[in-house]
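Take the sequences, apply the hints, and build the full model.
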Amino acid sequence: MHVASGCEGEPSGTILQTLSALGEVAVEPAPWERAAVEVALGAALAGGRGLAAVPAGALAAALPALDAASASGAAGLVVVACDDPSGRYAPPADSRLLAREAMAPVVEPSDPAECREAVAQAFELSERFETPVVVRISTRLADSAEPVEEASRRAIPPRGRGRDPAAAEALEERATFTRVRGLERLAQLAAHALEAPLNRLELRSAEVGVVTSGLAYGMVREALPEASVLKLGLVHPVPSGLLRAFAGRVRTLHVVEELEPFLEAELRAAHIACDGKDRLGRTGEITPATLARAFRPGAERAGAPEPVPVRPPELCPGCPYRALAQGLKRLHVSATVDPGCRAFPAFPTLGPVDRAPGQGAAAGVAHGLAMALGQRIRGRDVAALPDGALLQEAAGALALAAQGQGTVLICDVGGGGWTGSGVRAPGGWRVDPASLLAALGYASVRVVDPLDLGATAAVLREELARPASSAVVARAPCTRWPASRRPPMRVDGRRCNRCGACLRLGCPALSDDLESVVVSASACAGCGLCAQVCRPRAIEPCGGARS
Amino acid sequence: MTASPTTVLVAGAAGQGAEEGGALLAAAAAAAGHQVRLATERPPSPAAGSVLCRVRFGPGAVPTPFGPPGEADGLLALDRLEALRWIHEVRAGGFALVAAATLPTPAMRLGIAAAPPPADVLARLRARVPRTAEVDALGLAREIGCPLYGGSVLLGLAGPLLGIPEPALDAAAAAVEPAEAAPARRLALALGQSLLAGLPEALRRVPGPRAA
Numbered sequence: 001m002h003v004a005s006g007c008e009g010e011p012s013g014t015i016l017q018t019l020s021a022l023g024e025v026a027v028e029p030a031p032w033e034r035a036a037v038e039v040a041l042g043a044a045l046a047g048g049r050g051l052a053a054v055p056a057g058a059l060a061a062a063l064p065a066l067d068a069a070s071a072s073g074a075a076g077l078v079v080v081a082c083d084d085p086s087g088r089y090a091p092p093a094d095s096r097l098l099a100r101e102a103m104a105p106v107v108e109p110s111d112p113a114e115c116r117e118a119v120a121q122a123f124e125l126s127e128r129f130e131t132p133v134v135v136r137i138s139t140r141l142a143d144s145a146e147p148v149e150e151a152s153r154r155a156i157p158p159r160g161r162g163r164d165p166a167a168a169e170a171l172e173e174r175a176t177f178t179r180v181r182g183l184e185r186l187a188q189l190a191a192h193a194l195e196a197p198l199n200r201l202e203l204r205s206a207e208v209g210v211v212t213s214g215l216a217y218g219m220v221r222e223a224l225p226e227a228s229v230l231k232l233g234l235v236h237p238v239p240s241g242l243l244r245a246f247a248g249r250v251r252t253l254h255v256v257e258e259l260e261p262f263l264e265a266e267l268r269a270a271h272i273a274c275d276g277k278d279r280l281g282r283t284g285e286i287t288p289a290t291l292a293r294a295f296r297p298g299a300e301r302a303g304a305p306e307p308v309p310v311r312p313p314e315l316c317p318g319c320p321y322r323a324l325a326q327g328l329k330r331l332h333v334s335a336t337v338d339p340g341c342r343a344f345p346a347f348p349t350l351g352p353v354d355r356a357p358g359q360g361a362a363a364g365v366a367h368g369l370a371m372a373l374g375q376r377i378r379g380r381d382v383a384a385l386p387d388g389a390l391l392q393e394a395a396g397a398l399a400l401a402a403q404g405q406g407t408v409l410i411c412d413v414g415g416g417g418w419t420g421s422g423v424r425a426p427g428g429w430r431v432d433p434a435s436l437l438a439a440l441g442y443a444s445v446r447v448v449d450p451l452d453l454g455a456t457a458a459v460l461r462e463e464l465a466r467p468a469s470s471a472v473v474a475r476a477p478c479t480r481w482p483a484s485r486r487p488p489m490r491v492d493g494r495r496c497n498r499c500g501a502c503l504r505l506g507c508p509a510l511s512d513d514l515e516s517v518v519v520s521a522s523a524c525a526g527c528g529l530c531a532q533v534c535r536p537r538a539i540e541p542c543g544g545a546r547s
Numbered sequence: 001m002t003a004s005p006t007t008v009l010v011a012g013a014a015g016q017g018a019e020e021g022g023a024l025l026a027a028a029a030a031a032a033g034h035q036v037r038l039a040t041e042r043p044p045s046p047a048a049g050s051v052l053c054r055v056r057f058g059p060g061a062v063p064t065p066f067g068p069p070g071e072a073d074g075l076l077a078l079d080r081l082e083a084l085r086w087i088h089e090v091r092a093g094g095f096a097l098v099a100a101a102t103l104p105t106p107a108m109r110l111g112i113a114a115a116p117p118p119a120d121v122l123a124r125l126r127a128r129v130p131r132t133a134e135v136d137a138l139g140l141a142r143e144i145g146c147p148l149y150g151g152s153v154l155l156g157l158a159g160p161l162l163g164i165p166e167p168a169l170d171a172a173a174a175a176v177e178p179a180e181a182a183p184a185r186r187l188a189l190a191l192g193q194s195l196l197a198g199l200p201e202a203l204r205r206v207p208g209p210r211a212a
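Heads up: the protein sequence lines correspond to chains A and B, in order. Its first residue numbered 1, the first sequence is counted upward by one per residue in this note's numbering. Its first residue numbered 1, the second sequence is counted upward by one per residue in this note's numbering.
Read the hints as simulated data drawn from the structure, not as lab findings. Where hints are given, some of them may not hold.
[Unchecked claim] If you anchor each label on the Cβ, the simulated ranges turn out as follows:
1) A/Ile-156 to B/Pro-167: 40 to 46 angstroms
2) A/Ala-46 to B/Arg-142: 54 to 60 angstroms
3) B/Asp-136 to A/Gly-368: 52 to 58 angstroms
Even for Gly, the Cβ is constructed at its ideal location relative to N, Cα and C.
Here is the structure:
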């Protein structure tokens, strides 16, 4: 391939890092998913090969670009999308539905070795049928590993490409033209799917057959070793003829797929008797346990889990989000927050999270809330966003909110990403949040150090009282970056009265050993928040008090 | 009769080195000539939360890293609570090697919950899997300079129980990134191996292959 673009997060960050290390591909991180797909589309329209990688659950944000790619008849464009059926890392959306909306074929590998092959085949499909191709993986597949032999790579010169015939059409005719072209293309792909090596028929028992795809395939093979299996690697367009032929060779047909009943719906629409989600349920991941419960009830050997204290996600020691949460807590505001670092809204003892509507949504939701409540929320209305939201979905809503009287709080971890903690793509873009907010029309824009609790609270108090829109940029680097770490703190056990004020910060580096609070020197990032909330002044940096 | 894959769970909390241990075991199994698959379950935040690596290997095909429920052959846990969390996944004839450490949960740090006494944890683990032993893996790892090598200590101890030869472990130490850590890993593996003589006889017995 020639160009790869993608966003911070997983698995896109790792994909870009890996491609960058090859030194053969122009790799560029993008501030949001739509931009990543558009950049890769540009490479494809130039006659080259472009790959876009989007983080888990984020294909929806790139849908307009995928639509555009489909309408353009892009050849040489592959979009790697990742679904998270568990919902642990992202909303459990099904990329197949989004790709179908964009009339784009979907290739779905089952293991790491197939991932490499799937991308190669996806490029060939894209070039042969002049369409963007989505490669659908899952978070568990992204977190799987196995020895994979390195394949030889060959340089493919950009093909060069003429003008898109649709571009010459007037707007109205172009829509019809591209839709007709898309439907014709899907029909050709459906015919190709009948013979495509990506789809594999494994005939064993004539009694039981399973239609499956993705990571579930390996689990099906192990849970139902006697069953015949139709393993689909090209899942959209659904190869109806293949499904019908397979159904005719087995007495009972099961469908095992993660998230939506995509393949099952196709079978049912063709009046082919099967079961799937009624056995497996529509939520959560397919696991050996769910398969055992569905197909071999009573055979499961695992007993009930032991009751164990939960270990929830936490913010890192030294995280600027912890400091901001403390600042907001002191001010008794009504806070609408973006997820930001994922643990922010998940740990209520940290701060006053009243609403967490979703990534990039806080500014717009808080603005609408203020419009509805008016004076009743004046001076208490805060929308908190990470800096990564500025150029994503939030920019338009921030411009609207600038016309109101609320306060937006931007957590600027300095990397132009959501958290700074994920695998970071090489290179990178950087926008100064303060300049952008001023350009969007905020009457006041202030920059603070969130790790200075007193100063941050004072600035927030002033800005909340302002009878116009205001923005506070809380600037402190993500603590996962080594440069942000300072000497660790220590506790003077003679002064510590175990009041618990520092422990309530929820910092993993602090614990109570029954005589005094103690600091784990290896975990502490030296942010000094604990010292700021310690009334007996028992906590100070190793090596003496900080000036 | 074909032998079914061996399944080992490597459990810990974020920052304890479970991922390092899982990657090392997978590399060692591959160096020993096995087919191998590894799957890692991470918490959404990097600072805390449970981490679990599932490593499956064997001379034949390994269709998936996710083995049948309740049939794992071994558990290497860097934390007592994490051992408890996953012990139900281990078959009764399997084994569990547990680091003598309890990383407090947020509720424990705040003093609103207490950690279960270590003796109780060990009793509950042994009630499920009699071949369970507790070793000071993190203490030994700290002697090397980093608790991240706790997984390597446990693997040094578990290698003979899993039938992984010493040269494969040695090769794995250099195969896992970062390669600069190979000397420390080798030291940790050796420290783990030195604990073998202290294990009860029943635990030192190397199990035969199970029928698929």
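Right, here's what the structure says about each hint:
1. At roughly 41 angstroms, the beta carbons of A/Ile-156 and B/Pro-167 sit within the given window of 40 to 46 angstroms.
2. Between A/Ala-46 and B/Arg-142, the C-beta spacing of about 55 angstroms keeps the proposed range 54 to 60 angstroms intact.
3. Look at B/Asp-136 against A/Gly-368: about 57 angstroms separates their beta carbons, and that is inside 52 to 58 angstroms.
In this structure, none of the earlier numbered hints is contradicted; all agree with it.
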